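Start from the sequences, fold in the hints, and give me the full structure.
Number of protein chains: 2
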Amino acid sequence: MKLLNVDTIEEVQKKLKSYFQTASAQIEMVPLRQSVGRYLGEDIFSDVDMPQFRRSVVDGYAVLAKDTFGVSDSMPVFLEVAGTVDMGKACDIVLEPGQAVYVPTGGMLPQGSDSMVMIEYIEKLDEKTIAVYKPAAPNSKIMNPGDDFRKNEILFSKGHRIAAKDIGLLAAVGKAEVPVLRKPKMSILSTGDEIIEISEIPKPGEIRDINSSAVAAFAEKTGVDVRSVAIVEDSYEKLRIAVEEALKESDLVVLSGGSSAGAKDMTAEIIDSLGEPGVITHGIAMKPGKPTIIGVLAQKAQDSAEGINCQNHCCKLVVGLPGHPMAAIIVYEVVVSSFIKQYYFHHKEEPITVTAAITENIHAGEGRETYQLVSLKRDDALQWIAEPIHAKSGSISQLMLADGFVRIPSLSEGIDAKSRVEVVLF
Amino acid sequence: MKLLNVDTIEEVQKKLKSYFQTASAQIEMVPLRQSVGRYLGEDIFSDVDMPQFRRSVVDGYAVLAKDTFGVSDSMPVFLEVAGTVDMGKACDIVLEPGQAVYVPTGGMLPQGSDSMVMIEYIEKLDEKTIAVYKPAAPNSKIMNPGDDFRKNEILFSKGHRIAAKDIGLLAAVGKAEVPVLRKPKMSILSTGDEIIEISEIPKPGEIRDINSSAVAAFAEKTGVDVRSVAIVEDSYEKLRIAVEEALKESDLVVLSGGSSAGAKDMTAEIIDSLGEPGVITHGIAMKPGKPTIIGVLAQKAQDSAEGINCQNHCCKLVVGLPGHPMAAIIVYEVVVSSFIKQYYFHHKEEPITVTAAITENIHAGEGRETYQLVSLKRDDALQWIAEPIHAKSGSISQLMLADGFVRIPSLSEGIDAKSRVEVVLF
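Here the protein sequences line up with chains A and B, keeping their order. The opening residue of the first sequence carries number 1 in full-length UniProt numbering; numbering runs sequentially from there. The opening residue of the second sequence carries number 1 in full-length UniProt numbering; numbering runs sequentially from there.
Quick caveat, the hints were computed from the structure, so don't treat them as lab data. Computed from a predicted structure; not experimentally measured. Think of the CB as a built atom: it goes at the ideal place given N, C-alpha and C, for glycine as much as any other residue. Among the hints, erroneous ones may be present.
[What the hints assert, rightly or not] Below are the SDA-like pairs computed for lysine to any residue, each with C-alpha atoms no more than 20 Å apart in a straight line:
#  : chain 1 : residue 1 : chain 2 : residue 2
1  : B       : Lys17     : B       : Lys348
2  : A       : Lys203    : B       : Ala90
3  : B       : Lys203    : A       : Gly262
4  : A       : Lys221    : B       : Lys392
5  : A       : Lys221    : B       : Ala176
6  : A       : Lys89     : B       : Asp193
7  : B       : Lys124    : B       : Ser74
8  : A       : Lys290    : B       : Lys17
9  : B       : Lys14     : B       : Phe339
10 : A       : Lys287    : A       : Ser338
11 : B       : Lys377    : B       : Glu360
12 : B       : Lys203    : A       : Gly159
13 : B       : Lys392    : A       : Gln52
14 : A       : Lys418    : A       : Leu376
15 : A       : Lys89     : B       : Ser199
16 : A       : Lys290    : B       : Met118
17 : A       : Lys392    : B       : Ser46
18 : B       : Lys377    : A       : His160
19 : A       : Lys392    : B       : Asp193
20 : A       : Lys248    : A       : Leu274
21 : A       : Lys221    : A       : Gly159
22 : A       : Lys392    : B       : Glu360
23 : B       : Lys158    : B       : Glu249
24 : B       : Lys124    : A       : Ser338
25 : A       : Lys392    : B       : Pro138
[Said to hold, decoys possible] Chain A regions said to be covered by chain B (calculated; three or more residues, Cβ under 8 Å):
#  : region
26 : 32-46
27 : 63-72
28 : 105-116
So, in structure tokens, the structure goes:
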């Protein structure tokens, strides 16, 4: 067994960065609506001015603004109706001074006009004449070409995670299909002789496979393609074969369970037996999450899973998560998920956090970053308060109460009750 | 054309409630991991005590606590090793005073023991004897049956939206498949002669179909099954046939576009021609979003789309959204989405909002609730500030900058700069 040199999270990130830098993820095209939740594979530029043409934003008459200067309810101006603009059609009318042209919302303004008068301020006298009762300033109630954005403007950067609110803009610039980064593939292996399938009824000593589904759900939330989830017996040979097989089809292999010291040693030995450099981190200075093993295995390019384009070689990540469900999830979110976002998705955007007053003191871990689960509630003044969730280390039910977590740096003196904290939402 | 009696949002909700109360959504079973984002179709109860058995949370020896009272580094107690517990197996050893049994993390404690001593505080003298250097309190380092939750405890309520963090607990209680509410089916029709497919290059006067994809993305985010998205010409007969067809396969039909007054009238006429009660709201007192049309059509049960189980009749919703993209999205989120969550998903949970200081005064609309898009930023003290997004009404690019919106009640005097607001996140 290797010496238990526990790494800080920063040290882990630095080590990972040194191995995972030569590969670049491949791009695939997906239909626009299926792109929600995916990460952009390239920068997105506009292919048109928006709007492309001078457009009315109201129903009314296009006019030359100076024809309407000085008019009022009691003193209208009379204009000649020179025509009507059809929706979706180019307008070939040229408006002369003293004329007006009917334009519906979204319609194209005729040449020579410079503003719109809303239908409410118009009286139609006959087929050829209207009275205008309100003056229009030049450029009022219209959008000029490029008012919204210009052709070749950058709208989204590579690595941006596409949200529902982005779909309209992608549609506006013609992205019926969107270039997104391929999802890395992950296999999750649940180890332990006590672990049974979720659908089974546990006998004394047995426990259902909680962690692998929980981790899979968090991985899928990050945008990972979880290929397989399997329970493996706690035997060196069986586990080694399972990890080897998983590495063939996946970019990442996550081992869940095996809380005991012996199981951890076995996991580390198996990782080391499968390639170089093997285990790079045997324990992380975080609380919870200390018994985390991280291994890196360099593969020849041709062995790598489809989806990652290696230059010289590909590295694959093997992570042995802590056995306790809450610790496994926190390590996944803090270490694995942020690695995946950075390395596979080129994603740099910070999540929105909620500022809240913490209800109790939280102690800093000795030399370890502490991640405290909290649930958010409103106080009487409708401000957010964060209540720490206290749970025995084997508890699973408490995770569902958590809205997120608070990070307490290892060198701090902890957090005093009532002070403001940033809650990272799940 | 009907009189433009504009309804408040509360009036709209009240009207909808009066029509949509007899139906109850059907339940379908989905595999556990696919249940993320779905709404529970029934309450979920635990089927086991968790843990089911007295379980160690450390690697070490099960002992009788009082055998260790008073021991110290310099004065250990010597205990006889009575055996080893295997993971996943029931333990049939009965521990006698003066004995200890090895139990790995997660293993079952033998009868007669009442606490665990961690391996760090043990010295193994020979195969049959250990020295214990630290006293154990009764119940230390163990979980008793039901410590986490008890059998038949309610864990989740019907209508709860399943999150990634819930998957572990659902696994723990054996939900390999989860009962969820069927998704309502929605058709989205984009109307307007100026609208072209996203993949086309717009000619002067034309515009790509922005709204229907944007609305579809928001609908899918809510959990709706968007069946079809189509562009329909601005003709009474064609639009009427399209709505009629859409009603056959969908529970909800959304019409997008048709900003002009004439197009709105046509939409209302078509809804009225298709059944009773027809248009129930012709304009909502909200800003943006006033030109919204809401129609309800009562259907016989056998005509209704699969998925909704009607008692006497089914009502279907037809919504004509405003033409401007941002207005369409705000109306969808504030009116349609909240209706869907309430009626189809029995979902009552409030979203988490972010409290922020607004950077500018926002005026209340005269007699209309105002929804102001904002983007969130950090100030120097790392507090959230909300910057109102000012955009011409036809703008689409500004929506992507928005992190959410702030609601200003119609009867308020607006919001002063620097005051705190609640931002509903997109």
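Practice task
Verify the proposed pairing of Lys221 of chain A with Gly159 of chain A, using a straight-line Cα cut of 20 Å.
Solution key: Cα-Cα ~16 Å, so holds.
Practice task
Below or equal to 20 Å on CA atoms is what counts here, so check Lys377 of chain B against His160 of chain A.
Solution key: Holds - the C-alpha atoms of His160 of chain A and Lys377 of chain B are around 17 Å apart, at most 20 Å.
Exercise for the section: Take a quick look at whether Lys377 of chain B and Glu360 of chain B sit within 20 Å of each other, Cα to Cα. Expected result: This hinted pair holds, its Cα atoms lying about 14 Å apart.
Practice task
Compare the distance between the alpha carbons of Lys392 of chain A and Asp193 of chain B with 20 Å, and conclude whether the hinted pair is satisfied.
Solution key: violated (63 Å)
Practice task
Verify the proposed pairing of Lys17 of chain B with Lys348 of chain B, using a straight-line Cα cut of 20 Å.
Solution key: It holds: about 15 Å lies between the C-alpha atoms, which stays within 20 Å.
Exercise for the section: Verify the proposed pairing of Lys89 of chain A with Ser199 of chain B, using a straight-line Cα cut of 20 Å. Expected result: Roughly 19 Å separates the two Cα atoms, so the pair holds.
Handout entry: Distance restraint between Lys203 of chain B and Gly159 of chain A, which requires alpha-carbon spacing of 20 Å or less
Key = Violated - the C-alpha atoms of Gly159 of chain A and Lys203 of chain B are around 32 Å apart, more than 20 Å.
Problem - Three-residue Cβ test at 8 Å for the coverage of the region 105-116 of chain A by chain B - result: n = 4 at 8 Å, threshold three: holds.
Exercise for the section: Measure nothing beyond the straight line between the CA atoms of Lys392 of chain A and Pro138 of chain B; if it is 20 Å or shorter, mark the hint as holding. Expected result: holds (16 Å)
Practice task
Given that the region 63-72 of chain A was listed as covered by chain B, double-check it with a C-beta distance under 8 Å for 3 or more residues.
Solution key: violated (count 0)
Handout entry: Straight-line alpha-carbon gap Lys203 of chain B to Gly262 of chain A, limit 20 Å
Key = Violated: Lys203 of chain B and Gly262 of chain A sit about 70 Å apart, past 20 Å.
Problem - Given pair status - Lys17 of chain B, Lys290 of chain A, alpha carbons within 20 Å - result: violated (52 Å)
This entry does not satisfy hints 3, 4, 8, 12, 19, 22, 23, 24 and 27, going by the numbered hints stated previously.
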